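Participant: Under this note's numbering, the first residue of the sequence shown carries the number 1021, and numbering increases by one thereafter.
Everything labelled a hint here was simulated from the structure, so no lab data went into it.
One should not assume that every hint holds.
Claimed, not checked - Dumping the calculated DSSO-like pairs for lysine-lysine here, alpha-carbon to alpha-carbon at most 30 angstroms: (1) Lys1099 with Lys1115; (2) Lys1022 with Lys1101; (3) Lys1101 with Lys1115; (4) Lys1099 with Lys1022; (5) Lys1070 with Lys1115; (6) Lys1070 with Lys1030; (7) Lys1070 with Lys1099.
This structure is a prediction, so every number in the text was calculated from the model and none was measured.
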Amino acid sequence: MKVTPCECTKPGWCERHQCEKSRHYYELCRRRQDYFDQFENGQSILQQVKRRFQLREVCQHRGDVVDEVECPSCRGTVKLKVFDCAQHECCTVAKSIDGISCCVNCTDFVAVDSS
């Protein structure tokens, strides 16, 4: 059931909002006006993450690579780097994994070049 002006026909790349939408965000965008409005205003977490990585921001708390773990949701065998983190013990950069913090959605993220 679609209730917003969402134009997408399936999960994946959204041309209108310039981001990759999982099934979860695709459904939220189609069914909830508040989420659609966030996408329209460029304020969704997906768009913020995209901007963060386009700017190549690095968190002040992130240290060296300390491990690699297999991604539980990726196709095939994909290893994700796990970094030392002064705030959360360890973290990943872009993909959330149970039990490991992730820079993408971290409320403690502070860019290295921040004042």
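Participant: Look at each hint and say if it fits the structure.
Facilitator: Against the structure, the hints come out as follows:
{"no.": "1", "hint": "Lys1099 with Lys1115", "verdict": "holds (11 angstroms)"}
{"no.": "2", "hint": "Lys1022 with Lys1101", "verdict": "violated (38 angstroms)"}
{"no.": "3", "hint": "Lys1101 with Lys1115", "verdict": "holds (10 angstroms)"}
{"no.": "4", "hint": "Lys1099 with Lys1022", "verdict": "violated (37 angstroms)"}
{"no.": "5", "hint": "Lys1070 with Lys1115", "verdict": "holds (13 angstroms)"}
{"no.": "6", "hint": "Lys1070 with Lys1030", "verdict": "holds (20 angstroms)"}
{"no.": "7", "hint": "Lys1070 with Lys1099", "verdict": "holds (21 angstroms)"}
Comparing the model with each earlier hint shows violations of hints 2, 4; every other hint is respected.
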